[in-house]
Amino acid sequence: MKLNTASEVISFTKKLEEDSATLYKEFSRKFAQDKDVFLSFAKENEKNIIQVERAYYGVISDAIEGCFAFNINPEKYSFNTELAEKDSYSKALNKAIEIEEKIIKFYSDAVEQSKSFLADIPRAFKMIAKKRENNRRIELKSLLSKEE
Amino acid sequence: MAILEEPIKEVEKLKNYVNGEWVESKSDEILDIINPATQKVISKVPMSTPDEVNEAITAAKEAYPEWRTTTPLARVRCLFRLKELLEENFEQLSRVQTQEHGKTIDESRGETRRGIEMVEVGTGIPSLMMGYNLEDIATGIDEYVIYQPLGVFGHIAPFNFPFMVPLWFSPFAMATGNTFVVKPSPRDPISQVKLAELVDEAGIPPGVYNVVHGGVDTASIFMEHPDIKGITFVGSTKVGKDIYKKCGETGKRVIAQTSAKNFMVVMPDADIAATIPALMTSFFGNTGQRCLSGANLVIVGKDDTSYNKVLDAFVDTASKIRVGYGLDESIQMGPMQSIDGKERVLGYIEKGIAEGAKLLLDGRTPTIIGDYPETCFVNPTVFSDVTPNMTIAKEEIFGPVASVMRVKDLDEAIETANGSNFGNANAIFTSSGKAAREFQYRIETGNVGINIGIVAPMAFFPFSGMKDSFFGVLHGQGKDVIRFFTESKVVIQRWL
Numbered sequence: 013m014k015l016n017t018a019s020e021v022i023s024f025t026k027k028l029e030e031d032s033a034t035l036y037k038e039f040s041r042k043f044a045q046d047k048d049v050f051l052s053f054a055k056e057n058e059k060n061i062i063q064v065e066r067a068y069y070g071v072i073s074d075a076i077e078g079c080f081a082f083n084i085n086p087e088k089y090s091f092n093t094e095l096a097e098k099d100s101y102s103k104a105l106n107k108a109i110e111i112e113e114k115i116i117k118f119y120s121d122a123v124e125q126s127k128s129f130l131a132d133i134p135r136a137f138k139m140i141a142k143k144r145e146n147n148r149r150i151e152l153k154s155l156l157s158k159e160e
Numbered sequence: 084m085a086i087l088e089e090p091i092k093e094v095e096k097l098k099n100y101v102n103g104e105w106v107e108s109k110s111d112e113i114l115d116i117i118n119p120a121t122q123k124v125i126s127k128v129p130m131s132t133p134d135e136v137n138e139a140i141t142a143a144k145e146a147y148p149e150w151r152t153t154t155p156l157a158r159v160r161c162l163f164r165l166k167e168l169l170e171e172n173f174e175q176l177s178r179v180q181t182q183e184h185g186k187t188i189d190e191s192r193g194e195t196r197r198g199i200e201m202v203e204v205g206t207g208i209p210s211l212m213m214g215y216n217l218e219d220i221a222t223g224i225d226e227y228v229i230y231q232p233l234g235v236f237g238h239i240a241p242f243n244f245p246f247m248v249p250l251w252f253s254p255f256a257m258a259t260g261n262t263f264v265v266k267p268s269p270r271d272p273i274s275q276v277k278l279a280e281l282v283d284e285a286g287i288p289p290g291v292y293n294v295v296h297g298g299v300d301t302a303s304i305f306m307e308h309p310d311i312k313g314i315t316f317v318g319s320t321k322v323g324k325d326i327y328k329k330c331g332e333t334g335k336r337v338i339a340q341t342s343a344k345n346f347m348v349v350m351p352d353a354d355i356a357a358t359i360p361a362l363m364t365s366f367f368g369n370t371g372q373r374c375l376s377g378a379n380l381v382i383v384g385k386d387d388t389s390y391n392k393v394l395d396a397f398v399d400t401a402s403k404i405r406v407g408y409g410l411d412e413s414i415q416m417g418p419m420q421s422i423d424g425k426e427r428v429l430g431y432i433e434k435g436i437a438e439g440a441k442l443l444l445d446g447r448t449p450t451i452i453g454d455y456p457e458t459c460f461v462n463p464t465v466f467s468d469v470t471p472n473m474t475i476a477k478e479e480i481f482g483p484v485a486s487v488m489r490v491k492d493l494d495e496a497i498e499t500a501n502g503s504n505f506g507n508a509n510a511i512f513t514s515s516g517k518a519a520r521e522f523q524y525r526i527e528t529g530n531v532g533i534n535i536g537i538v539a540p541m542a543f544f545p546f547s548g549m550k551d552s553f554f555g556v557l558h559g560q561g562k563d564v565i566r567f568f569t570e571s572k573v574v575i576q577r578w579l
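Heads up: the sequence lines are chains P and V, in that order. Going by the working numbering, 142 is the number at position 130 of the first sequence; the sequence numbering is gapless. Going by the working numbering, 530 is the number at position 447 of the second sequence; the sequence numbering is gapless.
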């Protein structure tokens, strides 16, 4: 089922960020050599939730297109956070990069769909996508290149 | 999608909030408050006795002298505390609105946000209430204006925005030094009770803000009571006109924001992808139960292809709207607030058919997401081939019914809209600045939208209205409402 309302999309965003945080907490346990990096990612996930919710609760209005702003297919962006015990560090990093790209795609699609309707919410989405694209993805790739 | 937790779990009889106390009504006339989606009784509301209404007004009158001499800074500090409490209770307040009214959770949260914005703007009273002066109107003589509060104001609230509408007025009334008595709608008064709990917690002194439950009889006491200086009302034109007349006889100030029949004009050059969601919000948001709702969709142009493109997209999107209980986040439209409301809408659909309009989308047999009784539900309904003289084009339906008209050009669109008795909120969708300017210039409506489907003025602008959509001089919100709640006292001074 597609997500159309702002509240659905905010709940879905929260779930993505929580799942992502779960993944990085697991990384920090399993790949202790880069524990601090992964814990900082998990912390950033929590901040992203706050940022998105703040934008939503601050801008939601009875007069904007809150119930008609999106047409998101959540299946396109869902991911599995489980790591097999035998997975190598490089395999896990590749998985993380793939997940990051999915999340970036979600935020970018959500921006495109809602930018005419929801003011601060797409702006918050855009900032998070940019942060992931410019920082987190690059950092993961750098860890991967060191590993390889 | 899971249903969000309902905040109201037990049926309680609501109390009046008078002079800082929660007072049980002695009335034996008690109405059920019904969740329109589930049809469960969620609360009970008394129709207060005349003595109880008078006690609330007396409490407000007695609180006035001390509150009026409380400094504006001290008064707005109470509002700052209230604002913080509203933020802390944001989600609960929103869910209460969905439970008692039926609107979607996005709409309820939007309503809560709008209400809070009124409090925020009200905190600017030390600046907003300043008068003005001129030295030397004659040699050695200065003249200045002071804005002073007047006393007790009454508010008669509507059912469609049970939380927000009283806040269009109360923060400004209190911040300017007046005292206030609210009569919530007996259909959905719970969010006003929750608000009063926060007013109490914010430390607003006893008697400054009072809530008294009731119906028409309570409103009549407000209108006739000598200690009430003015009334604010949001509701139907019939009642608004009556209030305006009665208050004229008793010398009270009035803001009466009343019914509407809003025209959404779509030009051939409109961006359809952006226009359709705006039209959905306009026509079907709050289940069409708002004075800013689109009612008549006027598609401009002689070309069949562009007409059909707009109409098909409109009907197709409307047919896919998810209707159900608003505490499910995926729901885009809730039920009508009451059975009476639904029956009124069904009556208008019958009239539309009888008068020859073409029923393109029939919402009479609702499709509902989830297992809920059909009692108050109506799905989006669209008529085409509507002409301006049809009942469904002229009268306020106050439900999810769109009447589509076709006109040849902008002139005809403006003339058609201006032919309405109402003048609340008309909008144009176009990519032409010239057409938009022409529309803005000539359209006879208080609020004008340009590529905006719900023309809801922000708290710092007046909520305007014309013709049969407004009775009074000064409007709610913005600088207008500050003037409404204050008297201009002019001082001319010469020191010899």
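Keep in mind that the hints were calculated from the coordinates and are not lab data. Treat the hints with care, as some may be off.
[Claimed, not checked] Estimated spans, in silico, between C-beta atoms of each pair:
1) Asn92/P <-> Ser210/V: 48 to 58 Å
2) Asp492/V <-> Met139/P: 43 to 53 Å
3) Ala96/P <-> Glu284/V: 32 to 42 Å
4) Ser154/P <-> Ser210/V: 44 to 54 Å
5) Ala85/V <-> Met139/P: 43 to 53 Å
6) Ala85/V <-> Glu87/P: 16 to 26 Å
7) Ala221/V <-> Asp132/P: 32 to 42 Å
8) Glu87/P <-> Ala157/V: 22 to 32 Å
9) Glu30/P <-> Glu89/V: 21 to 31 Å
10) Glu89/V <-> Lys55/P: 48 to 58 Å
11) Pro86/P <-> Ala356/V: 48 to 58 Å
12) Pro133/V <-> Lys59/P: 36 to 46 Å
13) Arg447/V <-> Lys55/P: 16 to 26 Å
14) Lys59/P <-> Pro209/V: 29 to 39 Å
Since this is a predicted model, take the numbers as computed values, not measurements. Note that beta-carbon positions come from the ideal geometry of N, C-alpha and C, so glycine has one too.
Practice item. Go ahead and decide if the range 43 to 53 Å is satisfied by the Cβ distance of Ala85/V to Met139/P. Key: This hint is violated: roughly 29 Å between Cβ atoms.
Practice item. Indicate whether the distance between the beta carbons of Asp492/V and Met139/P respects the range 43 to 53 Å. Key: About 44 Å separates the Cβ atoms of Asp492/V and Met139/P, which means 43 to 53 Å holds.
Exercise for review: Could you see if the CB distance from Glu87/P to Ala157/V stays within 22 to 32 Å?
Suggested key: violated, 56 Å
Practice item. May I ask you to test the hint 44 to 54 Å on the CB atoms belonging to Ser154/P and Ser210/V? Key: With Cβ atoms ~53 Å apart, the hint holds.
Practice item. Just tell me: holds or violated, for the beta carbon distance of Lys59/P and Pro209/V against 29 to 39 Å? Key: Holds, at about 36 Å.
**Study point:** 48 to 58 Å as the expected CB spacing between Lys55/P and Glu89/V, which holds or is violated
**Key:** violated, 34 Å
Review point. For the pair Ala96/P and Glu284/V, does the Cβ-Cβ distance stay inside 32 to 42 Å?
Key: violated, 53 Å
Practice item. Could you see if the CB distance from Arg447/V to Lys55/P stays within 16 to 26 Å? Key: This hint is violated: roughly 53 Å between Cβ atoms.
Review point. Honestly, do Pro86/P and Ala356/V meet the 48 to 58 Å range at C-beta?
Key: Given a distance of about 22 Å, which is not inside 48 to 58 Å, the answer is violated.
Review point. If you check the beta carbons of Ala85/V and Glu87/P, does the distance land in 16 to 26 Å?
Key: holds, 18 Å
Check your understanding: When you take the CB atoms of Glu30/P and Glu89/V, is the distance between them in 21 to 31 Å?
Key -> holds, 24 Å
**Study point:** Consistency of beta-carbon spacing, Lys59/P to Pro133/V, with hint 36 to 46 Å
**Key:** With a Cβ separation near 56 Å, Pro133/V and Lys59/P fall outside 36 to 46 Å, so the hint is violated.
Hint violations for this structure: numbers 3, 5, 7, 8, 10, 11, 12, 13, all remaining hints satisfied.
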